[in-house]
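All chains should be built: construct the whole structure from the sequences, respecting the hints.
Protein chains: 2
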Amino acid sequence: MFEVVAVDGQARFGRLQTRHGSIETPVFMPCGTYGTVKAVTPEALKEVGTQILLGNTFHLMLRPKDTLIADLGGLHQFMQWDKPILTDSGGFQAFSLKSIRKIEEDGITFRSPINGDRIFFSPEKAMTVQENLGSDIAMVLDECTPYPASRDEAAFSMQRSMRWARRSKNGYGGVGMLFGIVQGGMYLDLRKESIGILEDSEFPGYAIGGLSVGESKEELVRVLEGIMPHMPQGRPRYLMGVGTPMDIVKGILLGVDMFDCVLPTRNARNGYLYTREGLVKIRNAKHRQDNSPLDADCSCYCCSKFSRAYLHHLDKCGEILGSMLMTIHNLYYYHDLVHQLRRAIEKGRVSALVKTILEGWKSSDESI
Amino acid sequence: MFEVVAVDGQARFGRLQTRHGSIETPVFMPCGTYGTVKAVTPEALKEVGTQILLGNTFHLMLRPKDTLIADLGGLHQFMQWDKPILTDSGGFQAFSLKSIRKIEEDGITFRSPINGDRIFFSPEKAMTVQENLGSDIAMVLDECTPYPASRDEAAFSMQRSMRWARRSKNGYGGVGMLFGIVQGGMYLDLRKESIGILEDSEFPGYAIGGLSVGESKEELVRVLEGIMPHMPQGRPRYLMGVGTPMDIVKGILLGVDMFDCVLPTRNARNGYLYTREGLVKIRNAKHRQDNSPLDADCSCYCCSKFSRAYLHHLDKCGEILGSMLMTIHNLYYYHDLVHQLRRAIEKGRVSALVKTILEGWKSSDESI
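Protein sequence lines correspond, in order, to chains A and B.
Going by my numbering, the residue at position 237 of the first sequence is 239; the numbering climbs one at a time, nothing skipped.
Going by my numbering, the residue at position 125 of the second sequence is 127; the numbering climbs one at a time, nothing skipped.
Quick caveat, the hints were computed from the structure, so don't treat them as lab data.
Hints may be right or wrong, so weigh each one.
Which copy? The list can't say, so a pair holds if one copy fits it or any two copies do.
[As the list claims (entries may be wrong)] In silico BS3-like pairs for lysine-lysine, Cα to Cα no more than 30 Å straight-line: (1) Lys171 x Lys307; (2) Lys48 x Lys318; (3) Lys318 x Lys349; (4) Lys252 x Lys104; (5) Lys252 x Lys100; (6) Lys307 x Lys48; (7) Lys100 x Lys67; (8) Lys48 x Lys104; (9) Lys307 x Lys67; (10) Lys48 x Lys85; (11) Lys194 x Lys127; (12) Lys85 x Lys307; (13) Lys219 x Lys318; (14) Lys127 x Lys104; (15) Lys252 x Lys194; (16) Lys85 x Lys318; (17) Lys127 x Lys288; (18) Lys318 x Lys100; (19) Lys104 x Lys357; (20) Lys364 x Lys100; (21) Lys364 x Lys349; (22) Lys318 x Lys252.
This is how it looks when you write it as structure tokens:
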């Protein structure tokens, strides 16, 4: 199901087979929260190079409800996306709720932010919902260890996540793959322990959870460096909710195979755009009269047709077309970045490419 | 430049040649207020059958400014639309301003709603702005007669509009055509007088202004019926700011060649959708689980791919993709309606087609 085709240092180029076709890794997965990657059609998604997208279990469970999606033929049919879909477990959102929630060994109880309904969410429930959605890759329900957390807190939380992972595995009856999630906070020994426990269940893939939760970039890299050598070699490794282009480059160099993040799409809607020269804030007055494309070396629809001045204008007027074009560009940028890294890994030239990429970002106004 | 190819009753099928190609009439023109038809790319616009679109002089003059657009190569280049563009004169918006404005023979003075700048707008200025935009079809500046208006008020206002039409004609140095605008409120004798005065200037096309301003549907039809037989035969006739599908059918039957309206695009963003069975309010709970397309007989991208349930869900979540898909559908519907009427006029079968269309709308929840 997963094959590592080439390695270059710790970086890997691989292929993952799913029910909806094969994907090349490393891969970036755009977020399709409510059954749509915001501001793009499925056709445009394919054009920018999306191989697989992420659906949010928590959101879809509440609206329009997973049972409705199941009745209508599953999430692929509902949103007209015939390539692979990975769904998160919904745990992260449930834990992030500011309204009343209660976490117990059995599961988590909360009030729906949509209509106030009392909802009980458990590993078993998370599996049922993901089955209803028809995910190609489902995730076990894990407890999100808060940051910062003491060693005892992180250990207790990790152990509960491991028990929930086992319950998820036992409860999952879906047609896709089920990935385990490594927890343990910022403590490397707990992380290693977590990996060992998950390996006993022989998951077809392993995610790294509980990162990008407020820790510094240095902390993120330190933990990742500590974890990666211990992750199972023959299985895909998915770094959840990460990150910036810089994070992704670093992750790939450390052997991560899969990423997801709302950054490219959310930033696009706010006029923050990624280019080979770094981050461009299109709202900046200097773009007002600039007839050149956002990124002259970019082949996306936005850059091949429209000027910075036009994007600046659309952004200023709050025009939907601005969100559409800028989302297309940012996703194209992310996919192209990862695509180039895949090709470089294949040819054993990843260091040289990364050097070039970092050189380009040097002139960026803000960190990328 | 304009050729009437076929007539059926008073309805006409024609061809209008512009600098950016030929268009078939009757034609519906979507509104591209700020240099974008909201929520659609230029490519999608072509796919739904848009032959020509309308740019708003007033809006573009304020943002990003017509001089900037001129510097960047004109509106076609700016928004990447290589088919014809008609621009309104900006008068309607200037007159609609609620903030302080002063109307005099020389022109209208107002404060910019964007930044408070004091702006003087005159027939000559309206021409300069439209020249800067590079319109294929420009409009004279007219005074919008308020509704209701006494005969004296309407007469005074019409006479001023006629003087402004002459000044517009003298001032216009653009590369496109300049259309005159018939005014006169709801008074047929004033309307006829206005037509006569405009004809002396030999405009290449004539618009009917000051309708759809608050009068009843019956009033609109009465005035239109009264005006149309007196409009120059060999020139395109443009009914400004009209209207619903029903208005357009009626207008075409009375010999109107061109229409523009924000209804299909604005309604799309609010989930009001046009179909062969009439108006569909997608927010209605009955669509929640409906796996059928919005309109089974429609060939647009939205109807060929997505279900009512999906559109209902997108609308409920306020997703941009909802606006995108529903705009595509509504524009396709308008263009297809007018396209079918063109073909019917060509074949002398317009009455039969209109009967079928009205039959379909009978079951509509709301008037269409």
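How the hints compare with the structure:
no. : hint            : result
1   : Lys171 x Lys307 : neither (48 Å within a copy, 35 Å between copies)
2   : Lys48 x Lys318  : both (28 Å within a copy, 25 Å between copies)
3   : Lys318 x Lys349 : neither (43 Å within a copy, 48 Å between copies)
4   : Lys252 x Lys104 : neither (36 Å within a copy, 62 Å between copies)
5   : Lys252 x Lys100 : neither (32 Å within a copy, 56 Å between copies)
6   : Lys307 x Lys48  : both (18 Å within a copy, 15 Å between copies)
7   : Lys100 x Lys67  : within (21 Å within a copy, 45 Å between copies)
8   : Lys48 x Lys104  : neither (40 Å within a copy, 53 Å between copies)
9   : Lys307 x Lys67  : between (39 Å within a copy, 21 Å between copies)
10  : Lys48 x Lys85   : both (9 Å within a copy, 27 Å between copies)
11  : Lys194 x Lys127 : within (28 Å within a copy, 73 Å between copies)
12  : Lys85 x Lys307  : both (27 Å within a copy, 15 Å between copies)
13  : Lys219 x Lys318 : neither (32 Å within a copy, 37 Å between copies)
14  : Lys127 x Lys104 : within (16 Å within a copy, 66 Å between copies)
15  : Lys252 x Lys194 : within (20 Å within a copy, 75 Å between copies)
16  : Lys85 x Lys318  : between (35 Å within a copy, 25 Å between copies)
17  : Lys127 x Lys288 : between (51 Å within a copy, 28 Å between copies)
18  : Lys318 x Lys100 : between (33 Å within a copy, 23 Å between copies)
19  : Lys104 x Lys357 : neither (48 Å within a copy, 63 Å between copies)
20  : Lys364 x Lys100 : neither (39 Å within a copy, 49 Å between copies)
21  : Lys364 x Lys349 : within (25 Å within a copy, 66 Å between copies)
22  : Lys318 x Lys252 : neither (34 Å within a copy, 39 Å between copies)
The structure is inconsistent with the numbered hints 1, 3, 4, 5, 8, 13, 19, 20 and 22, although it conforms to all the rest.
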